[in-house]
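> Position chain B against the provided structure of chain A, taking the given hints into account.
Chain order of the listed sequences is A and B. Note that full-length UniProt numbering has the first sequence beginning at 1, numbered continuously upward. Note that full-length UniProt numbering has the second sequence beginning at 1, numbered continuously upward.
To give a feel for the contact side, a few chain B residues facing chain A, derived at Cβ under 8 Å:
hint, residue
1, S673
2, S676
3, T681
4, T684
5, S685
6, R687
7, A688
8, E691
9, I709
10, E713
Under the rule of at most 27 Å between Cα atoms (straight-line distance), these lysine-lysine pairs were calculated in the DSSO-like manner:
hint, chain 1, residue 1, chain 2, residue 2
11, A, K89, B, K660
12, B, K113, B, K90
13, B, K668, A, K89
14, A, K95, A, K3
15, B, K795, B, K768
16, B, K668, A, K95
17, B, K743, B, K768
18, A, K95, A, K41
19, A, K3, A, K41
Hints are computed from structural coordinates only; laboratory data are not their basis. Ideal placement from N, C-alpha and C gives every residue a C-beta, glycine not left out.
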Amino acid sequence: MGKRVLLIEDEPNIIEAISFILSRDGWDVDTHANGIDAVDKVIARQPDLVILDVMLPGRSGFDILRDLRAHDGTAALPVLMLTARGQTKDRETAKALGVSRFMTKPFSNAEVLESVRSLANGVEAPQ
Amino acid sequence: MGMLNVLVTVSLAYVTFLFMVAFFADRAAARGRSKWLQSPLIYTLSLSIYCTAWTFYGAVGYAARSGVEFLTIYLGPSIVMIGWWLILRKLVRIGRSQRVTSIADLISSRFGKSNSLAVVVTVIAVVGTTPYIALQLQSVTLALDAFAGEEVTPSVGPSATALWLAVGLALFTVLFGTRNLDANERHDGVVMAIAVEAVVKLVALVAVGLFVIWGIGGGIGPTMERISQSEIARWDVSAGRWMGLMFLSSAALLTLPRMFQVMVVENEDERHLATASWAFPAYLLLMSLFVVPIAVLGLEYMPDGANPDLFVLTLPLAEGRNTLAMLSFLGGFSSATSMVIVAAIALSTMVSNHIVMPIWLSTQGSTAMVAGDVRHVVLLSRRLSIMGVLTLGYLYHHTTGGGEALASIGLISFAGVAQTLPALLGGIFWRGATRVGALMGMVVGFVLWAYTLFMPSFGPEVFMSETFLREGPFGWGWLRPEALFGIASSDPVVHSVVWSMSLNTFTFFIFSLISFPTPLERLQGAQFVNVFDHSARPGSWSRGLAEAEDLLVMAQRILGPSEAQSLFRSEAVSQGITGYLPETTPEFLQRLEREMAGSVGAATAHAMVGQILGRASVTVEDLMAVADETAQIMEYSNQLEAKSAELTRTARQLRAANEKLTQMSVQKDAFLSQISHELRTPMTSIRAFSEILRDGGLDDAALAKYAGIIHDEAIRLTRLLDDLLDLSVLENGQVSLNERVGKIGDVLNQAVAAAGIENSRLRVVRSKVREDLMIYTDLDRLSQVFINLISNALKYCDAARPRLEVSIRDLGDTLAIDFIDNGSGIPMASQDVIFEKFSRVGSDQAAGGAGLGLAICREIMHRLGGTVSYLPGQGGGAFRVILPVTVVRSGR
Chain A
1 MGKRVLLIED EPNIIEAISF ILSRDGWDVD THANGIDAVD KVIARQPDLV ILDVMLPGRS
61 GFDILRDLRA HDGTAALPVL MLTARGQTKD RETAKALGVS RFMTKPFSNA EVLESVRSLA
121 NGVEAPQ
Chain B
1 MGMLNVLVTV SLAYVTFLFM VAFFADRAAA RGRSKWLQSP LIYTLSLSIY CTAWTFYGAV
61 GYAARSGVEF LTIYLGPSIV MIGWWLILRK LVRIGRSQRV TSIADLISSR FGKSNSLAVV
121 VTVIAVVGTT PYIALQLQSV TLALDAFAGE EVTPSVGPSA TALWLAVGLA LFTVLFGTRN
181 LDANERHDGV VMAIAVEAVV KLVALVAVGL FVIWGIGGGI GPTMERISQS EIARWDVSAG
241 RWMGLMFLSS AALLTLPRMF QVMVVENEDE RHLATASWAF PAYLLLMSLF VVPIAVLGLE
301 YMPDGANPDL FVLTLPLAEG RNTLAMLSFL GGFSSATSMV IVAAIALSTM VSNHIVMPIW
361 LSTQGSTAMV AGDVRHVVLL SRRLSIMGVL TLGYLYHHTT GGGEALASIG LISFAGVAQT
421 LPALLGGIFW RGATRVGALM GMVVGFVLWA YTLFMPSFGP EVFMSETFLR EGPFGWGWLR
481 PEALFGIASS DPVVHSVVWS MSLNTFTFFI FSLISFPTPL ERLQGAQFVN VFDHSARPGS
541 WSRGLAEAED LLVMAQRILG PSEAQSLFRS EAVSQGITGY LPETTPEFLQ RLEREMAGSV
601 GAATAHAMVG QILGRASVTV EDLMAVADET AQIMEYSNQL EAKSAELTRT ARQLRAANEK
661 LTQMSVQKDA FLSQISHELR TPMTSIRAFS EILRDGGLDD AALAKYAGII HDEAIRLTRL
721 LDDLLDLSVL ENGQVSLNER VGKIGDVLNQ AVAAAGIENS RLRVVRSKVR EDLMIYTDLD
781 RLSQVFINLI SNALKYCDAA RPRLEVSIRD LGDTLAIDFI DNGSGIPMAS QDVIFEKFSR
841 VGSDQAAGGA GLGLAICREI MHRLGGTVSY LPGQGGGAFR VILPVTVVRS GR
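Bound conformation, chain A alone (with noise of 0.2 Å):
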């Protein structure tokens, strides 16, 4: 184990709880809180996955998978988004980004945990 995961969150308390679960199943936890530079951050840090928020000060979660998409050393990170908007035009522009899990808040922790698993173990590939 020992994968990196970088979570890109604004919200205190979900950085708190997401960074716990993960924590507690092994995986390194790299936390970042705004969207201008958080494309800056994935190519420095080089994460094996992304947990991208879509509204994210300073900068929107899908123009910073859209970034990540077009760069070479990211174009096939497995990034999973979560939306507190829920709503089914924000999953359907994800999808067409290429994000590769789509996730709605709240969310059972257990869903989060089985979704970074396989995504960092490539079983599910990029959409």
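This is chain B only, laid out in the frame that chain A set:
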């Protein structure tokens, strides 16, 4: 078989012949083969209806009684005719260009289409003509009697003769006078028939004359000798009477309805006048040539007491020349019938057009005009009018029973219709003539004529008593009918003509000067007086190719090139002409007008074709019709424009509504999306941590921490729901205000206490000035606004030592409560959006709000009648709450 029966048979045969002439002439005209009908000779002969039975029989009687004075009756018209260039040409030109149907029409048309004027002229014409028609009936009756005198028992009585004659004439006139209703009111059949009759009467009179000179008088020499010995030869000439009579007969030529009919209305070509100017006087000369010999020999040979009016008939009879007598009878019959027929046509046109039709139309309202075809009504009215005119003539004859000398009736008639002369001549030569002048003049003249001549002519005790005639009304001698203002004349005709005509003219002149013409009168006046400037020389239409070319050019503009060309080509083909330019036949012109009328309206089309043909100047009527059409088109296009504008407006409204709905839908989506986000975020934390707690295996510290998070997020959720509900209630206006009086300082105290700043570093500084103002409003809501503003400062003021100054200012008609902190404030770009829902400046989620606070504040202040706004330029975050001063209950 007696003479009378032969005569009746011959007469019937003659009448049948006339019917056939009229019928074939009409048919020829209808087939367009009427060229020979339109010769100047026919025109001249038709003018001979001037010579009625009065002149045929009466001239001899006149000469027998008054010598050569009868010549005045021929001289007057001859002078007018020879001088045709002066007046007749103008009348004919006007009649043509204005499409005049009668003298009443011409006069009314000249004076602004005044129907009252037309009615007056019509009345004068009917009153003046009716005795004349009676006279014709009487002459035929007398002539028949002359024959009947030879018989033991007349087969028919005199009155019955007149009745049958009237019926027959009515039949003929209806048949041939109302066959068509074309604009120019021409009657080819009738004109042809009266031309034939003109020949018959001339031949008859000349034949009698020749017989009298050579058969009775023994040749020219002896006859001349007899004449010089007779009283007739004594030139006992009264200059006044000669002048008067010549004037009357000249006027009659111009104003008699029947003369106007044949001379102007039936005129085919202005140039015919030139021929008639010598041919007609020549005809009159021939007609008068033998009058004196017949009169002289008649007086000599006929027994004393024989009616000289019938010498033309009785001289041959007395000599046993029955065939000649019969010819003579046919001559007189022709004279009488042609006059009656044309007079009936002319009068019926006037009566129908100016009396019957206006009345009928006024009873129909506007529907008749809309319905379009009033032709059958016009025809019916025309026919009834003809019968009416002849009935009047018959009744006049029946009631007066004849007896008067023929000539005197004729002169009285002349004097009556001459009353229209000043208006007629004034109308075509003097632009200053007005409707009022014409009307007054004619009425004055007509009344004077009736008073001084017409009524007295019936003799005492018919209209006027013996005393009245001798001493005047109420014994006022100066009003004696036959000696007005004490000026007695030996001659009632001259007396009446002088008075009526001079006062008529004078009144016409004076009233024209003092009255103002209407615009239409002015226009018409100019058209009439300057008719030669306005209209090209009509003539018979020169049907040239150039004309067709011009028409084609015009038609192309109206109809479009291809349609116009195909119209012209198809016409040319149907005319059997190679090429594309057809002959401009009347049929083709009508067709062209119809085609163009579809595009530009009938009046415009007519005017345009008329312009090209140089046939007529554009009449005011045409212009009016064009204006009407234009107005209708404009009205229509205005309506279309209005409709189009309305549609545009509706479309714009729909578009706006649609945009608004779309915008609302977008806003709603955004709002739902925001609410979803704001609700799901705390829910996510709550769910995640509660699952962690459920998983167990946590130490006490972690347990407490995570339980605390769940608790805080639950509260956040509740607050959010409260805010949402609050905002919803405020926005929907369902909020009920709990207004009461309180001190503004107390409200601030309460707010500061509730804002939860006691454990923070924020210091609230209050100036205390005006804090003791008493206000009447919803104090709890106001406090809610204050709390929001204070807690915003608590959340967002980024100064090292945050500080919030609260001060109250009196702005006159408003009260301002300012909240100014010492932080970095809100960027200019965000100042507008901070009052929107879910708008949060910066990324500070920890501030905990959902971004509804200021939106709620704005709604509350709106309900309280005030505002809350950002106050730029204060260094830090600055908000101003404004309350209307009306809430202030008392001063310090």
